[in-house]
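Numbering (our numbering), first residue to last: 1 to 627.
These are computed hints drawn from the structure, not numbers from a lab.
Nothing here was measured: the structure is a model prediction, and the numbers come from that model.
The reader is advised that the hints may include incorrect statements.
[Unchecked claim] Simulated crosslink set (DSS-like; lysine-lysine; CA at most 27 Å straight-line):
id : residue 1 : residue 2
1  : Lys478    : Lys438
2  : Lys379    : Lys399
3  : Lys109    : Lys119
4  : Lys154    : Lys118
5  : Lys421    : Lys384
6  : Lys457    : Lys562
7  : Lys141    : Lys543
8  : Lys409    : Lys379
9  : Lys367    : Lys409
10 : Lys399    : Lys384
11 : Lys609    : Lys141
12 : Lys119    : Lys141
13 : Lys616    : Lys545
14 : Lys306    : Lys384
15 : Lys255    : Lys154
16 : Lys118    : Lys476
17 : Lys527    : Lys503
18 : Lys13     : Lys69
19 : Lys503    : Lys493
20 : Lys616    : Lys493
21 : Lys255    : Lys199
22 : Lys545    : Lys135
23 : Lys478    : Lys169
24 : Lys438    : Lys360
25 : Lys609    : Lys543
26 : Lys360    : Lys384
27 : Lys135    : Lys157
28 : Lys141    : Lys438
29 : Lys255    : Lys13
30 : Lys69     : Lys367
31 : Lys616    : Lys527
32 : Lys500    : Lys478
33 : Lys384    : Lys493
34 : Lys384    : Lys367
35 : Lys493    : Lys478
36 : Lys118    : Lys169
37 : Lys562    : Lys576
38 : Lys268    : Lys379
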Amino acid sequence: MGEAVRVIGKSPKKRQAFISALLKDIEALEFMIEQNVFETYPIRIGAEQEICIVNEHWIPADNSIQILKDINHPSFTTELALYNLEINLEAHALRSGCLYNMEKELLQKFSLAREAAKKNNSELLLAGILPTISKNELTLKHLTPLERYRNLSKKLKDLRGDNFDLYLKGVDELHLRHDSIMFEACNTSFQTHLQVNPKEFVQLYNWCQAISAPVLAASTNSPILLGKELWSEIRIALFQQSIDTRHSIDEIREKRARVTFGNDWIYKSITEIYKEDIAHFEVLLTADDIDDAMELIRQKKIPSLKALRLHNSTVYRWNRPCYGVVNNIPHMRIECRYFPAGPTIKDEIANMALWVGLMKALPDDAKQIWNQFEFKDVKSNFVKVARAGIETVLVWRGKEISARQLLQKELIPLAHNGLRKCGLQDDEIYAYLSVIEKRLHTHTGSQWQIKNYRSLKKIMNNGDALISLTQAMHQKQKENIPVCEWQMIDTEKAIKERHKNMKYMHQLMTTDLLTVYPDDPLSLVQKIMLWYDVDHILVENKKGKLVGVITAGHIVESVSEKINLDGISVMKVMKKELITMLPDAEIESCLYTMQSLMISSLPIVQNDKLIGIVTKNDMLRWIALHV
Numbered sequence: 001m002g003e004a005v006r007v008i009g010k011s012p013k014k015r016q017a018f019i020s021a022l023l024k025d026i027e028a029l030e031f032m033i034e035q036n037v038f039e040t041y042p043i044r045i046g047a048e049q050e051i052c053i054v055n056e057h058w059i060p061a062d063n064s065i066q067i068l069k070d071i072n073h074p075s076f077t078t079e080l081a082l083y084n085l086e087i088n089l090e091a092h093a094l095r096s097g098c099l100y101n102m103e104k105e106l107l108q109k110f111s112l113a114r115e116a117a118k119k120n121n122s123e124l125l126l127a128g129i130l131p132t133i134s135k136n137e138l139t140l141k142h143l144t145p146l147e148r149y150r151n152l153s154k155k156l157k158d159l160r161g162d163n164f165d166l167y168l169k170g171v172d173e174l175h176l177r178h179d180s181i182m183f184e185a186c187n188t189s190f191q192t193h194l195q196v197n198p199k200e201f202v203q204l205y206n207w208c209q210a211i212s213a214p215v216l217a218a219s220t221n222s223p224i225l226l227g228k229e230l231w232s233e234i235r236i237a238l239f240q241q242s243i244d245t246r247h248s249i250d251e252i253r254e255k256r257a258r259v260t261f262g263n264d265w266i267y268k269s270i271t272e273i274y275k276e277d278i279a280h281f282e283v284l285l286t287a288d289d290i291d292d293a294m295e296l297i298r299q300k301k302i303p304s305l306k307a308l309r310l311h312n313s314t315v316y317r318w319n320r321p322c323y324g325v326v327n328n329i330p331h332m333r334i335e336c337r338y339f340p341a342g343p344t345i346k347d348e349i350a351n352m353a354l355w356v357g358l359m360k361a362l363p364d365d366a367k368q369i370w371n372q373f374e375f376k377d378v379k380s381n382f383v384k385v386a387r388a389g390i391e392t393v394l395v396w397r398g399k400e401i402s403a404r405q406l407l408q409k410e411l412i413p414l415a416h417n418g419l420r421k422c423g424l425q426d427d428e429i430y431a432y433l434s435v436i437e438k439r440l441h442t443h444t445g446s447q448w449q450i451k452n453y454r455s456l457k458k459i460m461n462n463g464d465a466l467i468s469l470t471q472a473m474h475q476k477q478k479e480n481i482p483v484c485e486w487q488m489i490d491t492e493k494a495i496k497e498r499h500k501n502m503k504y505m506h507q508l509m510t511t512d513l514l515t516v517y518p519d520d521p522l523s524l525v526q527k528i529m530l531w532y533d534v535d536h537i538l539v540e541n542k543k544g545k546l547v548g549v550i551t552a553g554h555i556v557e558s559v560s561e562k563i564n565l566d567g568i569s570v571m572k573v574m575k576k577e578l579i580t581m582l583p584d585a586e587i588e589s590c591l592y593t594m595q596s597l598m599i600s601s602l603p604i605v606q607n608d609k610l611i612g613i614v615t616k617n618d619m620l621r622w623i624a625l626h627v
C-alpha cells in the first residue's frame with residue numbers, strides 16, 4: 001500500500017480505534033457479500049514484478065529512488081530495500097490474447113526501467129534471490145527511507161523483543177542472528193492475481209492451496225543465499241524467519257507465524273481468513289483517514305475497507321485473499337505470492353499460465369476439497385517442494401506421486417483446458433504451457449543455478465562463481481529465452497572474464513580456510529599439513545582473530561629437536577608478526593608486497609577478523625589470465 005502509514009503506538013485509544021475499524025470492515029464485507037455487490041464479469045488477471053538493481057560489479061546498487069525519478073511512471077514503485085523496485089501491471093481481462101499482452105506490457109515496462117537504470121550505471125535482474133547479495137547489503141542503511149518501511153521494521157523488531165534468528169539447512173547450512181527485517185529484502189517475487197466471484201471464493205481458495213506445491217515445483221528459482229546451497233526455493237523459509245516475531249518459549253503456546261500457508265481449509269467465506277488473522281495477529285500499522293465502513297454502507301457507498309486491507313498487508317499468506325475497489329465497484333481476488341522473480345519474463349508468464357489455467361479448471365470432485373485432500377498433506381507438500389523442488393514426491397488425493405509425473409500427466413493438461421474455457425487459443429496456451437513441460441525434461445531455474453554454481457566453484461572462488469552466475473543470468477534474461485533452453489555457462493570464458501575484471505583482494509581471496517587454534521598440539525598441525533599438502537596454516541583465536549601462522553619449517557625444526565609434537569602447543573612456536581591486507585586492497589599493490597618481501601601468502605583481515613587468504617598460486621593464476 002502506497003499511502004502513509006504509522007506504527008500503532010502504546011496509546012490504548014489508538015489501538016482500540018483501529019481494532020474497532022477492523023471489526024466494522026468485517027461487518028461491511030459480510031453485508032456486501034450478502035447483497036451481491038461484487039463485480040463478477042469480466043474476470044481479470046494482474047501481476048506485480050519485483051526487481052533487483054545491480055551495479056557494474058553485479059552486486060546490489062542502492063539507487064532505486066533515482067531510477068524511479070528517471071522513469072517517472074505510476075506503474076513503478078519502491079520496495080523495502082534501496083536495491084529493489086516494483087512494477088505493477090495493468091489488470092487484463094481473462095480472454096484470448098491476455099497472456100501475450102501481459103508479456104508485451106511487462107517487457108515494455110522492464111525495458112523502460114532498464115534504460116533508466118543504465119543512466120545510473122546499473123542493470124536490472126530477475127532473481128528470486130540475487131546470488132551476489134551479501135550481509136553487507138542487509139543492514140538498515142539500505143532500507144528505503146520511507147516512513148512505512150521504517151515503521152514496519154520498528155514494530156516487528158519491538159514485537160520480537162530481540163534479534164531475529166535465521167537457521168536454514170540444505171546442502172549447506174546458514175545460521176546467524178540479525179537485528180532488522182532486512183533479510184526479507186533478499187526475496188523478490190512475481191506475484192500473480194486472479195479476480196474471483198465471491199460465490200466461488202471458498203472452492204477456489206481451497207483449490208489454490210491444493211495446487212500450490214506442484215505449481216511451485218515447476219517454478220523454483222531461489223536455491224542460493226549468501227553463497228550457500230539451501231532449499232530449491234529458499235525464499236519460503238527465509239521470508240518466515242526474517243520477520244518471525246515469535247520467541248522460543250512460544251513453542252509451548254503454538255503461536256502462529258505471520259508468514260503462513262494457513263492451518264486449515266475454509267468452509268464458508270473469505271471472512272474466515274480475515275477473522276483468523278485479526279484474532280491471531282497483533283495489529284502493526286494504522287493509517288490516516290480510516291472511514292467507518294458501516295456508516296458508508298448506510299449511505300449506500302462502497303467502503304475501501306482501509307483498516308482491513310492494511311492489516312491484511314501485514315499478514316503474509318502465500319495465497320493471500322484481497323479486497324479492492326476500481327471505479328467504485330468492489331472485487332475479490334487471490335494473490336499467488338510464492339512465485340520467485342525470473343528466470344525470464346517468458347518464464348514468469350508461463351508460471352502464471354499454469355496457475356491461472358488450473359484455477360479456472362477446478363475439478364467437480366475438488367469443490368468439497370476436504371473429501372479428497374487432507375490439509376496437512378497439502379501443507380506438507382508445499383514445504384517439501386520448497387526444499388526439493390521438482391524432484392519432490394507429493395501426497396495427492398491420498399496417494400504418493402512425483403511432482404514431475406503429476407504435472408505432466410494431470411495438471412498441465414488440466415491447465416490447458418482451463419485456459420481454453422476462458423477463450424484463449426491453442427497457440428497462446430502452447431506458447432506458455434510448453435515452457436513448463438520442457439522444464440520437466442531439462443531443468444528449472446533452481447536446478448540450472450545449482451549445476452552452474454557447482455561447475456564454476458571448481459575453477460574459481462565462491463564470490464567469483466556467484467558473480468559469473470549472476471552475469472550469465474542477466475545475459476540470458478535480456479534475450480528472454482526461457483530457462484528450459486539455457487545451456488551451461490562456458491566456464492573457460494567465465495574465468496577469463498572474472499580475472500580480467502579483478503582489481504581488489506576480496507575478489508581473489510579464498511574464504512574456505514584451514515586454521516588451527518593457539519592451544520592445539522603441533523601433532524594436529526603436522527597431520528593437517530600432510531592430509532592437505534600445505535606448508536603453512538593460519539592460527540586464529542576463538543573469536544576469529546588472526547594471531548599467527550605456523551609453517552612446515554616449524555614442524556621440521558621441532559621434529560629435529562626431538563620435541564614431542566603431542567606435548568607442545570601451536571602458540572609456543574607460531575610466528576606472531578604477520579603481513580595482512582584489507583579486502584579492498586588492490587591486487588597489483590599486494591603482488592608487489594609479496595614479491596618484495598618474498599612471502600607466499602597474504603591473509604585478508606577485516607575488523608580484526610580473518611576472512612580469507614590469497615596465496616602465490618592465486619596470484620599466478622591472476623597474472624596468467626590478467627596480463
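Hints, one by one, checked against the model:
{"no.": "1", "hint": "Lys478 / Lys438", "result": "20 Å, holds"}
{"no.": "2", "hint": "Lys379 / Lys399", "result": "15 Å, holds"}
{"no.": "3", "hint": "Lys109 / Lys119", "result": "16 Å, holds"}
{"no.": "4", "hint": "Lys154 / Lys118", "result": "34 Å, violated"}
{"no.": "5", "hint": "Lys421 / Lys384", "result": "32 Å, violated"}
{"no.": "6", "hint": "Lys457 / Lys562", "result": "42 Å, violated"}
{"no.": "7", "hint": "Lys141 / Lys543", "result": "26 Å, holds"}
{"no.": "8", "hint": "Lys409 / Lys379", "result": "22 Å, holds"}
{"no.": "9", "hint": "Lys367 / Lys409", "result": "21 Å, holds"}
{"no.": "10", "hint": "Lys399 / Lys384", "result": "15 Å, holds"}
{"no.": "11", "hint": "Lys609 / Lys141", "result": "22 Å, holds"}
{"no.": "12", "hint": "Lys119 / Lys141", "result": "23 Å, holds"}
{"no.": "13", "hint": "Lys616 / Lys545", "result": "23 Å, holds"}
{"no.": "14", "hint": "Lys306 / Lys384", "result": "36 Å, violated"}
{"no.": "15", "hint": "Lys255 / Lys154", "result": "21 Å, holds"}
{"no.": "16", "hint": "Lys118 / Lys476", "result": "18 Å, holds"}
{"no.": "17", "hint": "Lys527 / Lys503", "result": "35 Å, violated"}
{"no.": "18", "hint": "Lys13 / Lys69", "result": "39 Å, violated"}
{"no.": "19", "hint": "Lys503 / Lys493", "result": "18 Å, holds"}
{"no.": "20", "hint": "Lys616 / Lys493", "result": "23 Å, holds"}
{"no.": "21", "hint": "Lys255 / Lys199", "result": "32 Å, violated"}
{"no.": "22", "hint": "Lys545 / Lys135", "result": "19 Å, holds"}
{"no.": "23", "hint": "Lys478 / Lys169", "result": "33 Å, violated"}
{"no.": "24", "hint": "Lys438 / Lys360", "result": "22 Å, holds"}
{"no.": "25", "hint": "Lys609 / Lys543", "result": "8 Å, holds"}
{"no.": "26", "hint": "Lys360 / Lys384", "result": "25 Å, holds"}
{"no.": "27", "hint": "Lys135 / Lys157", "result": "18 Å, holds"}
{"no.": "28", "hint": "Lys141 / Lys438", "result": "42 Å, violated"}
{"no.": "29", "hint": "Lys255 / Lys13", "result": "26 Å, holds"}
{"no.": "30", "hint": "Lys69 / Lys367", "result": "47 Å, violated"}
{"no.": "31", "hint": "Lys616 / Lys527", "result": "23 Å, holds"}
{"no.": "32", "hint": "Lys500 / Lys478", "result": "23 Å, holds"}
{"no.": "33", "hint": "Lys384 / Lys493", "result": "36 Å, violated"}
{"no.": "34", "hint": "Lys384 / Lys367", "result": "25 Å, holds"}
{"no.": "35", "hint": "Lys493 / Lys478", "result": "19 Å, holds"}
{"no.": "36", "hint": "Lys118 / Lys169", "result": "37 Å, violated"}
{"no.": "37", "hint": "Lys562 / Lys576", "result": "23 Å, holds"}
{"no.": "38", "hint": "Lys268 / Lys379", "result": "20 Å, holds"}
Checked against the numbered hints given earlier, this structure breaks hints 4, 5, 6, 14, 17, 18, 21, 23, 28, 30, 33, 36; the rest are met.
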